[in-house]
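Protein chains: 2
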Amino acid sequence: MKIGVKILPKSEVLDSQGRAVESMLKNNGRAVHQCRVGKYVQLEVTEANESKALALAREITEFVLYNPLIETFELEVLKGQ
Amino acid sequence: MKIGVKILPKSEVLDSQGRAVESMLKNNGRAVHQCRVGKYVQLEVTEANESKALALAREITEFVLYNPLIETFELEVLKGQ
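So the protein lines, in turn, are chains A and B. Position in the first sequence counted from 1, then plus 269, gives you the working numbering. Position in the second sequence counted from 1, then plus 269, gives you the working numbering.
Don't take every hint at face value.
All copies of an identical chain are treated as equivalent in the list; a pair is satisfied when it fits inside any one copy or across any two copies.
[What the hints assert, rightly or not] In silico DMTMM-like pairs for lysine to aspartate or glutamate, Cα to Cα no more than 25 angstroms straight-line:
{"hint": "1", "residue 1": "LYS279", "residue 2": "GLU343"}
{"hint": "2", "residue 1": "LYS271", "residue 2": "GLU340"}
{"hint": "3", "residue 1": "LYS321", "residue 2": "GLU340"}
{"hint": "4", "residue 1": "LYS295", "residue 2": "GLU281"}
{"hint": "5", "residue 1": "LYS295", "residue 2": "GLU328"}
{"hint": "6", "residue 1": "LYS271", "residue 2": "GLU328"}
{"hint": "7", "residue 1": "LYS271", "residue 2": "GLU316"}
{"hint": "8", "residue 1": "LYS348", "residue 2": "GLU316"}
{"hint": "9", "residue 1": "LYS321", "residue 2": "GLU331"}
{"hint": "10", "residue 1": "LYS295", "residue 2": "GLU319"}
{"hint": "11", "residue 1": "LYS295", "residue 2": "ASP284"}
{"hint": "12", "residue 1": "LYS308", "residue 2": "GLU328"}
No lab work stands behind these hints, which were simulated from the structure alone.
Could you put the whole structure together from the sequences, leaning on the hints where they help?
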């Protein structure tokens with residue numbers, strides 16, 4: 270089962286990469302309010318049960334993928350991929 | 270309107286970061302088949318119409334966010350965030 274992990278910097282943390290993209294887009298006439306840049310990890314786990322796969326992905330994300338001090342994450346099950 | 274842009278390396282491209290995470294997880298006893306690491310960008314556009322916002326996000330992604338030679342991307346509308 271494929272699980273997507275979206276990792277973004279917390280809103281109270283200065284996201285310098287996001288700010289750079291945002292101001293560049295504004296300078297180029299694209300109507301953008303805000304932009305945040307993070308990581309996206311696609312995990313293919315052997316576990317076929319959806320809730321167990323999600324629990325494993327959560328455990329893996331907390332184990333190595335994200336930094337709880339400055340980031341938040343969200344999981345999604347990727348069906349039919 | 271918030272649009273999420275998920276950018277991943279193409280499957281035929283060597284994803285060294287993903288390989289590193291994958292082998293590390295396997296060495297630590299996590300049942301993972303495959304792992305791919307990419308970028309996640311959250312764009313908040315001023316456009317309120319969903320299809321126009323998606324079209325703008327696609328244009329922005331093709332303009333600066335992804336490298337068509339080695340990456341693929343996917344858009345998603347983030348509702349209620």
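I want to check one pair: LYS271 and GLU340. Are their C-alpha atoms no more than 25 angstroms apart within a copy, between two copies, both, or neither? Both: 22 angstroms inside a chain and 18 angstroms across chains, each within 25 angstroms.
Pop the pair LYS295 and GLU319 into one bin, within, between, both or neither, using alpha-carbon distances up to 25 angstroms. between (41 angstroms within a copy, 20 angstroms between copies)
Evaluate LYS321 and GLU331 at a C-alpha cut-off of 25 angstroms and name the case that applies: within, between, both or neither. within (15 angstroms within a copy, 36 angstroms between copies)
If the cut is 25 angstroms between Cα atoms, do LYS271 and GLU316 qualify within a copy, between copies, both or neither? within (9 angstroms within a copy, 32 angstroms between copies)
What label fits LYS348 with GLU316 when the C-alpha limit is 25 angstroms: within, between, both, or neither? Classified as within; 14 angstroms inside a copy, 29 angstroms across copies.
Given a CA cutoff of 25 angstroms, do LYS321 and GLU340 count as a within-copy pair, a between-copy pair, both, or neither? Answer is within: at 24 angstroms inside a copy they meet the 25 angstroms cutoff, but 30 angstroms across does not.
If the cutoff is 25 angstroms on CA atoms, where do LYS295 and GLU281 land: within, between, both or neither? Let me know, please. within (22 angstroms within a copy, 34 angstroms between copies)
For LYS308 vs GLU328, is the C-alpha pair at or below 25 angstroms within one copy, between two copies, both, or neither? Result: close both inside a copy and across copies, 17 angstroms intra and 20 angstroms inter.
From the Cα coordinates, with 25 angstroms as the cut-off, is the pair LYS279 and GLU343 best called within, between, both, or neither? both (12 angstroms within a copy, 22 angstroms between copies)
Using 25 angstroms as the alpha-carbon threshold, which applies to LYS295 and ASP284: within, between, both, or neither? Intra 16 angstroms, inter 31 angstroms, cutoff 25 angstroms: intra-copy only.
Tell me, please, which holds for LYS271 and GLU328 at an alpha-carbon limit of 25 angstroms: within, between, both or neither? Within one copy only: 15 angstroms inside a chain, 28 angstroms across chains, cut-off 25 angstroms.
Measure nothing new, just compare the shortest in-copy and cross-copy C-alpha distances for LYS295 and GLU328 to 25 angstroms and report within, between, both or neither. Classified as between; 14 angstroms across copies, 38 angstroms inside a copy.
No hint from the list above goes unmet by this structure.
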